[in-house]
Amino acid sequence: MSTPPCFPLLTRHSFFRDPPDWHPAKPATKALCREAVKYCKEAGVDISKLALHFTLSNTAIGSTLISSTSASRMASNIAACSETLSREEQQALTHLREKIFAPAGEQTWENVEIGAYWETVGKRLLTQQLYNKKRKAS
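Plus 2 on top of the position in the sequence shown (first one is 1) and you've got this note's numbering.
Hint data in this document are derived by calculation from the structure and do not stem from the laboratory. Careful, some of the hints might be misleading.
For lysine-lysine, the following DSS-like pairs were computed, each having C-alpha atoms within a straight-line distance of at most 25 angstroms [said to hold, decoys possible]: (1) Lys32 to Lys43; (2) Lys28 to Lys40; (3) Lys28 to Lys43; (4) Lys101 to Lys28; (5) Lys43 to Lys125; (6) Lys125 to Lys28.
Nothing here was measured: the structure is a model prediction, and the numbers come from that model.
Using the sequences provided together with the hints, build the complete structure.
Okay, structure coming up:
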């Protein structure tokens, strides 16, 4: 499953502000996304549209979620599903894939939240359960 604009890393608005503190992406991933947003802004293309096209054309992605807090943004997302990319947009997408994202390798935050949970709460609970078992056995 995919959410193309990567809640909100790959949107034109992320040029003006950092993602929220709760966003699970690693700092290196956030930096790559800022670089991509900057490139698209300078090229005059909508990075959200490119992200959506990349996701929808990737056969390895079984489902795609699209959401928005803005009706006009949602309308443009829906329109982008049936539009083809212009030559400039295709060139920008190729640049992003080959020059920005590919050299960095796969970027994901899958299981980051679970890892953070186990680093804090999970270890504590596991230790507590083991300690309680030992006390009961004594």
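Now the hints, each set against the structure:
With a C-alpha separation of about 16 angstroms, the suggested pairing of Lys32 with Lys43 holds against the 25 angstroms cut-off. For the hint pairing Lys28 with Lys40, the CA-to-CA distance comes to about 19 angstroms; that is within 25 angstroms, so the pair holds. This hinted pair checks out: Lys28 and Lys43 have alpha carbons roughly 23 angstroms apart, not beyond 25 angstroms. Simply put, Lys101 and Lys28 have alpha-carbon atoms about 19 angstroms apart, close enough for the 25 angstroms limit, and the pair holds.
With a CA separation close to 44 angstroms, the supplied pair Lys43 and Lys125 exceeds the 25 angstroms bound. Distance check on the hinted pair: Lys125 and Lys28 sit about 22 angstroms apart at the alpha-carbon level, within 25 angstroms; holds.
Of the numbered hints listed earlier, the single one contradicted by the structure is hint 5.
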